[in-house]
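Novice: Single-letter residue listing:
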Amino acid sequence: MKVPNNWQTNSKVLIDHGKYIGFITEDGSFQVQGVPSGSYIVEISNTDYIFEPVRVDITSSGKMRARKLNLLQPNQVNQIQYPLQMAARQPTKYFRVREEWRITDMLMNPMVIMLLVAFLLMIITPKLAAGDPQLQKEMQNMQMPKMEMPDLSETLANFFGGASGNKKAPAKKQAIGNKKR
Amino acid sequence: MHYMKIKWESLIGCPEQLFYKRVNGRDILLISSKQHALGSLDTANGNILWRQIQDSMEDSLGFTYDNIHDIVIVYNKNYIRAFDYSTGILKWENFISLSQNQRVGILKVIKNVVILTHGPFIYGIKVTSGSLLWSTDFKDNSEWIGVAENGESSINLVGGISNNKLSIVKLSLENGSTQNRNSIDVEYNFERCAASGRNAVCLNSQGTILAIDFSKDKAVPVKTVLEQPIHIYASLDEKYFVVKSLSSLHVLHVTSEKITNILKVEPTEVFSISTDSSTKEPIFMAYYDTLGVIKAFDLKSSKNLLTSKLVPERQAPISKLEFLSTGKTIEILTVRRDCRVDLHEARLDGKEVSIEWTRFEGLATIASVEMIDLPLSETQATIETEFTAKDAGILRTFILRVTSQVELFKRLFVQFAHRFVKSFELIVTNQASFSTIFRHLFGGETPKSSKPQRTGSVAKPDTLPMERDYFNLRKMIVVSTTSGSVYGLHNEDGSVIWSLYLGDDFEPLNDQLRRTKVPLFIQRGTSHYQFSSEAAVAFNVKNAKSSRLVIFNPITGTLVNTYQVERLKRVELLPFTNDEMLHPLMVLDINNKIDFFPSYSAPLPYSTFQFNFNASSGDLYGERIDSVTRKISTTWKNQLRFSKSEKIVAVASKPFSQTLHSQGKVLGDRAVLYKYSNPSLVALAAFDEVEALLTIYLIDAINGQIIYSGRHPRTRPPFHLVHCENWLAYSYWNEKARRTEIGVIELYEGLTQTNAVHFNSMTTEKTPLTIYAQSFIFSQGINAMTATETEQGLTNRNLLIALPFGGLLEVSKRFVDARRTIDLTPEMREEMIIPYMPELLLATEDLINYNQSIFNIRGIKTAPSGLESTSLVLAYGIDLFYTRVSPSGTFDILKDDFDYVLISLVMVVLIGGSFVVKRIWRQNSIEQAWS
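Chains as they are written, first to last, in full-length UniProt numbering: chain A, 1 to 181; chain B, 1 to 931.
One thing to keep in mind: the hints can contain errors.
Dumping the calculated DSBU-like pairs for lysine-lysine here, alpha-carbon to alpha-carbon at most 35 Å [what the hints assert, rightly or not]: (1) Lys19(A) <-> Lys517(B); (2) Lys63(A) <-> Lys77(B); (3) Lys19(A) <-> Lys654(B); (4) Lys654(B) <-> Lys644(B); (5) Lys63(A) <-> Lys127(A); (6) Lys63(A) <-> Lys126(B); (7) Lys63(A) <-> Lys139(B); (8) Lys736(B) <-> Lys647(B); (9) Lys303(B) <-> Lys77(B).
Quick caveat, the hints were computed from the structure, so don't treat them as lab data.
Excised from the complex, chain B in its bound form (with noise of 0.2 Å):
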């Protein structure tokens, strides 16, 4: 097996928490996600320096970061770890269950104790080795907000116990005991109340701010008043605090004596305070998404820094701001909704803004994924138009083809100009080797000069052509996220093209199995030239009872159309087109009302079923579309009798675009064994919680006949389907031998096929079917499992499966084979079949990503390429993984390592070679002539 190129990113996730600033004379920037990874990243090319992927839990992560010892401090709901920043290396971790129904309030490291407040729970643990030092509960629901070290030895808390009192309380750092309580009766309600440093300020309806020093035995209150507060937010600098009230924005300054409203701006919820590193002159920055403009101010003397526009123009909202001033340049670090990360570098005195490096975060959250084909080029759409001038004379169809060839023959004329210019620059700059340069030549890909992009970056415009390859393996990947975004990559680099935001009230829809998805359809391919592609996704709006439906250009990622519609219940693309070549997307909303888009009146060129199930009660539906009266009707009706703990927890059906090459399988005594390739068959997969029950079942959707059905007692989740041609594998974990197991079902027809011709529901088989079922151990964890895909289906499938330890296994179907058994005929011996053996053996040679471990993949795409040989894969989740595999191995393309120098040395030796002994043969012959 041979594989080509390899593309390989990983990301940290969607932020949910950043740090970033200038300690020590270094850029510190950390980011956890909600992915549960915490990443350190080089700000000066935004590459990841570590990422520690964590737990995952439902709830989120949080960090603070320690400069004495350099450690960065990670909480979730069980455990908290400290890692070295500078490696990412463990330090230490303590297991500490936190109850469920209570949130973190504070984490920060106070001289040598990590305090960490739980509800009523204080922890105080050693920060150097992680041990617990004391732990103290106040049994009450109390929550604090803040905490500063009172002198030696103590600590003081803030924070509130009902809602009308505020609290401080004094504690031993070293033991935890309660040393001094005090409340503060006032008439302020603690959750709006912020605490940074050693300050707390509280604000309450009437519009009294009070701010207090609360690391002092006797904290003296002091006041002051603003019109209409709504909220106080905290910043890192203890000094500053911001209050948003109707109108405007405040930022308070305060101190033990007194508050000062310093400056006053025009409301936003983006904003962030941070001291200049060099003038040690504190400065207040706020993003107005409005306008995209960016506004910096100078604390001390409320002058305006800055006022810019933030490029690029036109995308998601920025969530969340950080930035590091340096005295002439400031350094800005936005978060967008859809999870895209930019550095920002403005120049105070030129005043402009430039972007330094883009990461796409949103990619860790990927839904679906299709890969298109790129538009024809030119010259195959010259080639094209030739053929469209129907009906003309015969003089004109001459016109047209003599024009055409001069045309196509000037373009070629053109291009390998290009390529013999640019191939005279590579020698003359050194930059490939000599056979690269040849190949280019005579038409290979352009050898890369500069050095490879970073995936999840933004594409550099002039370096990739928008063209379609000869071999078509070029594509553009299309991929929707459930955070908010689509994009467009490109898979040479998977570097974005383009991308879509699909709005704020955006909300991915839920399928009956509770899974989260966005669908992508494929409305239109590039194969049309005179029509633009056009693909759809489709979403729920944020408290709205309706769903959106957006139609966009998938190569250029401009908007086409926006169609509201009711919640949806089923969207489902037609597989037939309508004049324009546009696949009708049909949509089934909670009324039972279904419509088309674009819309389509007409009789459905042929019936059309879907299939449909209740997945807690295991009724099954097959329904017939009606176009007309736009309405479904049912067909049958089926029940699986499922017990009150049972319910269907995987579905998988067979895409319509799926080629079968062959039809059957040649025996070893020359018969043919023909595949049973039902294109309408579903495989289903219930579990029963409580009996630990996986049961397979195979029904055909359009008769609602149940041809299979299988049961795996003592089994446990992760179940994962692929369900191709005439067979499935699935997965799951026998909690008996307590190992991974992959099942393999395969259907034959037998040794006499029904109909040769088109596969028919309605009739019934002249034999029984064969069934073949045979299970094999897997001695690693699945995250995820597909087959690859071809584009005539005429070679091998094999099986992708992503493992948890990183690696992204390729098996041969051959060794997952339901025909497998221990005492081969000779007759088998001769079709190959490979002797039945219970492991399926994990060779690290099979790894198609070598040493580029991807983690937590969610989902592997495969998709056909214009070689039958190649497949093209993207495996998805926090790494993006990217690849070529030939299942059968690259019998249709020269290897990769092909010698066009020695080739072509050959060739001159033999021309030149077969003239000299010609000339030598002729001066022999006449001197043989003369003697």
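Here chain A stands alone, though its shape is the one from the complex (with noise of 0.2 Å):
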């Protein structure tokens, strides 16, 4: 893990969400005097990285434990060494990732796949027929229903053509379509 510039500033312990403080020394060890005996949350703040918080328990003789800190299930003991060690769990990650728009990510959309191989197969089944004569005649005796379907291009230029003046064209174009029929 890269170590920031100067940390030890702008680190500290607090206990108890800043009850008492205590500040980091040159070779990273800390100490907080002056605490009566008590149970306390230990913790760092730190802005780059994530420490585990501990809790640190002070009998009234003077005898200390640490143990892992479990809001949930407070009276649970799992003991940990003492004096502490601390080190960072992760890096702090303040941003979500934004959601980019990736071409892979789009490719591999199940309803993009289907269409694709859809496509495909428009395009390679006539090309495999080409090959075999007895099923191009085949599938020249199928009757394949005839349907007008309105020319995309035609609609365009009548939008932008407008309306008054070029009105003739189409007409002349279906008659001209009609001739070569």
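Build the complex: two chains, separate frames, hints provided.
Specialist: Right under this line is the structure:
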């Protein structure tokens, strides 16, 4: 892990969320003095890294022990070594990764895959059929229902070309088209 | 969730002790503050190099700098700590429990030993490790004023035991044993003595001044006579002492042979002595507040080096002065009564003084915050004027209409031309990205060309247009502080636009819960363009049985009016306006007399009640205000029957401006669960210190009915309440499980609503209230807690929690929901209620201040903006933090990273493409026709 500059100045030891404060020396050690007996939460305040908080119990005779902090079951004892040794668990993440648009994400979408496969089949089947004359014949015999599809380019042209002046053009085209057929 | 601008500033706090000196070619500026912080500042620009916040004790923080080891030694009541000067890293600390009633006398480093005196105790601490070498207890009530080294291995202390004796003690530096004790039996009160270096100077009431070199074993005092001396001050330079007499200020030069009076000037409280770092000549500097003038004298020749006015004028008087002279220039550091810190630079040849930088450290003591809309821009005001002509004829209205339209068009054109020129400039100088420039051209925010200003510095006048922006995100933040000034901050960069000093006799108010307060009220906002905005601040007058109301313009900071009133018991803003659109201030003084500012004698438009309580007895009162008879009459009385150790610790009511948009929640089965939206519901938290019992009450302030009460045994402070709409969230420390918990109570009327138009406290509800209560474990401590605020109340409210480790957390209200249960019904699941989990998870991604940690936060202020989705947030404490949050996402504006370039490119390509396609088609059709 990258150690930030001057981390000792920018870190602090908080006992019971700031009731007592400990500072960190050059070599990374710390001590908090003048704490009466009781049970305390010891945590490290640092902007770059997350540290695991610890519970420290001090008996009235001055004996100390440290255990894992368990807020849900405060009586559970899971002893850890004392004097404390605290290590950074992980760098603090402040930002959620923004969702990016990636071409692979789109291509891996099941709907897109289905469409692509269908498209591929559409291209490949006639070519396969071309190699086999029998199949071609069969296909020609197949009666496909004919449907009048509205021509997209025509509609667009109508739209952009305006209403009055160009009225003749589509009529002409239709006539030509009929002749050809 | 998406956050935009973030502004953050760390402060040190109101300076308590200053150290400003050039040591080994470095300018060192150290400040210890009343907010328990120690900081080192960069003298070039006033930025903080490092800051260490110490434990919050009642006692003040004292420190000394040791140039041999390059450390700063700090002491408080319980500890002594040494920090490395250049990095701020702790070198060592030692726990020394000092007794309560005695103060620290001296802290000085001699050879390798830190000498700390505290009443009769003297401690010798090793300067390299912090270990206690020795401690000596004189077991009498002696107090020490000076220490000096005497030979190789001993020190001499000077001070007093009883009033009329000055005593010199020789101690061994190695083990602290008393080697010699001398008492000079002279008629001097040691409290009128001062010591610096090896000299101690005392004065008596007859006017005799005695100086003694106490570092010698056999000291011979020298004497002189001065007329009516009142006080003596030691300077950092051991040879010079300043004596204040009734009519003048004398600078004495003290040697072991004689005392010479080398300078006599007009009396003042603020002065300093320092040695020039290049010529090594001592210089004396004094400040005169009545003229605002600073004077510097060369102490060798008694020549006046400099007499100059300090800018800016009409500010709080200067209370502390330190300076650093370097031959041609003098750097003058001043601290004003309202904690403003300035560094001035004076040139001795040109005799002019200019400000290098300014820090408003008073902002560390913010008491109340209000965010005010900026005034309407000229364009908006023109539109408004169009509608002012009432009862005008058709023709006149028509002319008005046309002229205003022409005017608007002209403005728009001029504005666009301006923007165009600016955009062109930006493109040429290549200062901002193309996308920002593009946005700016079409009415976006002006990109900042210069680097942003430091928060808490004086605003540059030309950079900030003082008018409302389109989304009303630009606001004026008005803050009142307990250090005596009111400030106007710009919310875009946090710079101080104006400051208003409330006077030397300023004293904050104390409320029933014994908290210091300086209430701030916005009497008239900026929505009435024909009137200027007005705000009021209330405070006590020091050493007098009166209080003062100061009325000012919150946009410009100019004083409008001042009212002197009897000592305040209560001051409240009334929820309606008078003829001039001002909300009158109601003032209740200690004689139970009520008064209105501005005066209001007509009957109130609707019955107005106030809620009152006695914090220790638990008596509650409902009172009705009568503006005609100027009396308040008790309408109801209730008792909470407190035990002796129980008292009210927190109160939370709802502001009258708070809006509740939706009256209910739609359940999974399409029924509506109506919220209990009583606007006069008050939440009380009472705490029994002996039993450690916390009781939460919800009380209707109109009829005194206790709607809800709940108990939490074995709890401890701190307690925080957030009361909003139909819910109350509160936090406490659970002593049994040793963790922080957040409780939440939600009130519902049930599936039928009693009165859909108005809430009425005087009628009963159709069905008994449905009350949900739940509590959650919170893994952190809580410094402050509040809820977000938006214009219509349509957006969800999120909780904002300031955490001790420096984070500002946004918790969605969906998690702090009292209706969360473990076994959800399918209807509840459809309503998207989250199943109950005992712990509220704390994700670092929800920290809205990211890595800009903020410490010792005392409060968070939220305010609505012109955008319904966005709430403005200011967290204040020893750090200031400002941001915008959008609890339900920014549903009403485009995303911040919206790609204007791509969108416009696509548009251009589409239009161009369609024309090309049209041409191609025409050619094709002609070709087809010919074929």
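Novice: Now look at each hint and say whether the structure bears it out.
Specialist: Here's how the hints hold up against the structure:
no., hint, result
1, Lys19(A) <-> Lys517(B), "holds, 24 Å"
2, Lys63(A) <-> Lys77(B), "holds, 25 Å"
3, Lys19(A) <-> Lys654(B), "holds, 31 Å"
4, Lys654(B) <-> Lys644(B), "holds, 29 Å"
5, Lys63(A) <-> Lys127(A), "violated, 87 Å"
6, Lys63(A) <-> Lys126(B), "holds, 28 Å"
7, Lys63(A) <-> Lys139(B), "holds, 33 Å"
8, Lys736(B) <-> Lys647(B), "holds, 21 Å"
9, Lys303(B) <-> Lys77(B), "violated, 44 Å"
The structure fails to meet hints 5, 9 from the earlier list, while all remaining hints are met.
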